[in-house]
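> Below are the chains, spelled out letter by letter.
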Amino acid sequence: MKGLMKGIAVCAVAVLPAAVSAAPGDYAPVTDARLKNPEAANWLQYRGNYAGWGYSPLAQITDKNVGKLQLAWAFATGQKEGHQSPPIVNNGYMFVTTPGAQVIALDAKTGKELWRYKKELPGEMLQLHPTNRGVALYGDKVYVATVDAHLVALDAKTGKELWIKQVGDWKALQYITLAPLAAKGKIMVGSSGGETGVRGFVAAFDAETGNELWRTFTTAAPGEPGGDTWPGETYKNGGGSIWITGTYDPDTNLAYWGTGNPAPWPTEGRKGDNLYTGSTITLDVDTGALKSYFQYNPNDAWDWDEVSAPLLIDTEVKGKKVKTAVHAGRNGYLWVLDRDGQKLNFVDAYPYVNNNTIKSIDPKTGRPTYFEERRPGMGKGDVHFCPSLWGGKDWTPEAYNPKTGLLYIPANNNLCAELPEPEPTKYKKGDLYIGYPIEAILTGLRWEMGKKDAPKTMGEIQAWDLKTGKQVWTHKFPTFNWGPLLTTGGNLVFGGGTNDRMFRAFNATTGKLLWEVPTPSGVTGVPTAFEVNGEQYIAVQSGWGVDAERMQGGINRLLGEKTVVPQGGTVMVYKLAK
Amino acid sequence: MSQMEQRETCGCTAQAPVDSTRRKIFKIAALGLAAGVGLHGRAALALETVPEELRHATGDLLVEEDAEGEPTPLKLTDLRVGKPLLAFPYDAAAKRIRSETRLNKVVLLRLPEAELDAETKALSAGGVLAFSAICTHMGCDIKTFMGSEKVFACFCHASKFRPLERGSVAGGPAPRALPVLPLKLDGDTLVIAGPFATPPGFTAQA
Chain A
1 MKGLMKGIAV
11 CAVAVLPAAV
21 SAAPGDYAPV
31 TDARLKNPEA
41 ANWLQYRGNY
51 AGWGYSPLAQ
61 ITDKNVGKLQ
71 LAWAFATGQK
81 EGHQSPPIVN
91 NGYMFVTTPG
101 AQVIALDAKT
111 GKELWRYKKE
121 LPGEMLQLHP
131 TNRGVALYGD
141 KVYVATVDAH
151 LVALDAKTGK
161 ELWIKQVGDW
171 KALQYITLAP
181 LAAKGKIMVG
191 SSGGETGVRG
201 FVAAFDAETG
211 NELWRTFTTA
221 APGEPGGDTW
231 PGETYKNGGG
241 SIWITGTYDP
251 DTNLAYWGTG
261 NPAPWPTEGR
271 KGDNLYTGST
281 ITLDVDTGAL
291 KSYFQYNPND
301 AWDWDEVSAP
311 LLIDTEVKGK
321 KVKTAVHAGR
331 NGYLWVLDRD
341 GQKLNFVDAY
351 PYVNNNTIKS
361 IDPKTGRPTY
371 FEERRPGMGK
381 GDVHFCPSLW
391 GGKDWTPEAY
401 NPKTGLLYIP
411 ANNNLCAELP
421 EPEPTKYKKG
431 DLYIGYPIEA
441 ILTGLRWEMG
451 KKDAPKTMGE
461 IQAWDLKTGK
471 QVWTHKFPTF
481 NWGPLLTTGG
491 NLVFGGGTND
501 RMFRAFNATT
511 GKLLWEVPTP
521 SGVTGVPTAF
531 EVNGEQYIAV
541 QSGWGVDAER
551 MQGGINRLLG
561 EKTVVPQGGT
571 VMVYKLAK
Chain B
1 MSQMEQRETC
11 GCTAQAPVDS
21 TRRKIFKIAA
31 LGLAAGVGLH
41 GRAALALETV
51 PEELRHATGD
61 LLVEEDAEGE
71 PTPLKLTDLR
81 VGKPLLAFPY
91 DAAAKRIRSE
101 TRLNKVVLLR
111 LPEAELDAET
121 KALSAGGVLA
131 FSAICTHMGC
141 DIKTFMGSEK
151 VFACFCHASK
161 FRPLERGSVA
171 GGPAPRALPV
181 LPLKLDGDTL
191 VIAGPFATPP
201 GFTAQA
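Protein chains in written order, with full-length UniProt numbering: chain A, 1 to 578; chain B, 1 to 206.
Be aware that one or more of the hints could be misleading.
Unchecked claim - If we take Cβ atoms under 8 Å as the criterion, some of the chain B residues that face chain A in the derived model are: (1) T49; (2) P51; (3) T101; (4) R102; (5) C140; (6) T144; (7) M146; (8) F155; (9) C156; (10) H157; (11) G201; (12) A204; (13) Q205.
The hints are simulated quantities; they were obtained by calculation from the structure and are not laboratory data. Here the structure is a predicted model, which means the values were calculated and not measured. Glycine included, each C-beta is placed from N, C-alpha and C at the ideal position.
Turn these sequences into a full structure, and let the hints steer you where they fit.
So this is what it looks like as structure tokens:
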């Protein structure tokens, strides 16, 4: 609390000069070269670099002085629901997005609003995931993909709408939550909607004109490789949605995308592996051609989307140099793949949360087998399984720090779920396509089997050494964690994610909690680091909602409590006290 | 925009109340609407964008969503106690189902008449209550009734509404009540008796 009071005092001082300060100077166009080798001062894309690290080399704020971190400025977005987008910064210009597909440009030093773009949304639409995960920068434009499935190009300096393209059909409940991926003159996006019977896809648009260049579906049709893993025409509404920005390897020109669960949830009607759901797929950025894949959950029955793209890390694994693609799976395993030779080959997988569902993993291919009694379905009655529907980690991104060599995972442990008998379901445009009674899903969260009392801890931040495949440290929270992570050259890990509204800093090497401060709402936003005029800042949006709120509802039900995390978005920006 | 204009655009307030209890209901409806205008302008606009001939009207019957074949107006006996059913207004004269807009979608719920207070009873037809099926939070379909808590529950974000208290919010993020739609009986047939109490649709943020 003391930290907060200090923060407010600093804020009051800091905000005054903002009113008279000029806008940032010239806008520096964002080029392929800059995206490939981002300068430390800026945060130009979703995870800071193409490899998806969530790492800033900035080292002015360190494990030694982070206790002096105070609020530089704060900005109320005026919006409710899940504020998950990273504050993306280019030479003093900051861009954040909010639920409802608004884009706000701010002076990164002062928090002064430069412009705001509001996409008018159809009054008839519904929003299952009212959130937006950020912009892409390319050239002198800002790109946002919207919840009504449009892609919009804006002038970075003025916010003027330059072009707008329909990507999907919101009436069929296709929608977009991700920040676009920009590379080689293309803006790439994909469709959410794993619970609405979409056929997932990644599509690329010309950055200048908005013309669609290619579209690759994530469920294989008959005659295509993998087409025999779907019976009949089930692939047409088979899910495999794309929720999160892909990572990109400029050396091979391949983009890595995580795909969602197959639809509907019960497996009876879709026997087979259901390629390429629950997978990482690699697409040639020039053509969209699918080059390789690795499937984490063949014939998934647990809603285990593997939505977050793998981090691309060149490291040593057990004595051998490996170009890895690393993914902390919703299925509770940390997957290490070899991405050399343009293929994705299994290296190893480590369980990082309690799991009673995966029976074994083939040491050569990485293909899992399951305890079939843990597979919900017809004639099974109530089926209990761990981890829960939200998995060991949902969309919230991991982070990798090349200085510590550690990978950091925002995990949820000791949480399980129960699903009853499926109910008959038929695809209908514009409706949910799930296959279980809604009441059962709303009340499906469970403690581990046989345990009546709540676990002592649920949420975790874990640090893993990829060289040894060992967990190095773990910070445990009494309740769950929905906090995306940032790690920095100052030997720090930042994240929020808990229902006490805290935003925290940890020693990246030891996991020691060094600093925490309550924010107006809960933090499920992606934190970033940037520098203006030689001064380092840490930025994050506070704004609870979406799945964190859903999980809170499930926990409340289990505990018989009524914890409510206040909603409302605020951009929080911190710097060291002078 | 004046309240009067808004009331007109939200449809159907011109119909004469049928009795004193209904008069009171309509007053409540109008007040609710006024509040809706101030707080939720864009939600009201949502219905405004729908051409008037496509909106529901007093005197419309109701047909089950997705029913196949000739439209069959719903009767009291088509509803089982505690089992919600999604429906669209049906213009019997024109033989037209008004399903062009989701904003017309209605969730029907039959409850034991003894559980209804006088105000709710006046809105119901033989124990059948009608509400907008569009959640006031983010617009998802409301089609689940949790008998244990006597609430409608929304799948999307677990908002809960009390059908026995004119759709008031019982929990979750919904910022306002589920709009109630008055019903009456013509023989055994369910008939829409007036406009939604408040504008249907999700509550847009500014």
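> Take the hints in turn and mark each one as holding or not.
Now for the hints, and whether the structure bears them out:
1. Interface restraint check: T49/B against chain A, minimum CB-CB distance 6 Å, threshold 8 Å, status holds.
2. The criterion of a C-beta within 8 Å of any C-beta in chain A is not met by P51/B, whose closest approach is roughly 13 Å, and the hint is violated.
3. Interface hint status for T101/B: upheld, as the beta-carbon distance to the closest one in chain A is roughly 6 Å, under 8 Å.
4. Interface hint at R102/B: satisfied, since its Cβ lies 5 Å from the closest Cβ of chain A, which is below the 8 Å cut-off.
5. A distance limit of 8 Å between C-beta atoms decides the matter here; for C140/B the minimum to chain A is near 4 Å, and the interface restraint holds.
6. Hint status for T144/B: holds, given a least beta-carbon distance of 5 Å to chain A, under 8 Å.
7. Evaluation of the M146/B hint against chain A yields a held restraint, the C-beta minimum of about 6 Å falling below 8 Å.
8. At a threshold of 8 Å, the smallest CB-CB gap from F155/B to chain A is about 4 Å, leaving the interface hint in force.
9. Hint status for C156/B relative to chain A: holds, with the closest Cβ pair at about 5 Å, below 8 Å.
10. Taken as an interface hint, H157/B checks out: its beta carbon lies about 7 Å from the nearest beta carbon of chain A, inside 8 Å.
11. For G201/B, the interface hint holds, the least distance from its beta-carbon to any beta-carbon of chain A being 5 Å, beneath 8 Å.
12. The closest approach between the C-beta of A204/B and any C-beta of chain A is roughly 7 Å, which is under the 8 Å cut-off, so the hint is satisfied.
13. A least Cβ separation of about 5 Å between Q205/B and chain A falls short of the 8 Å threshold, and the interface hint therefore holds.
The structure is inconsistent with hint 2 alone, although it conforms to all the rest.
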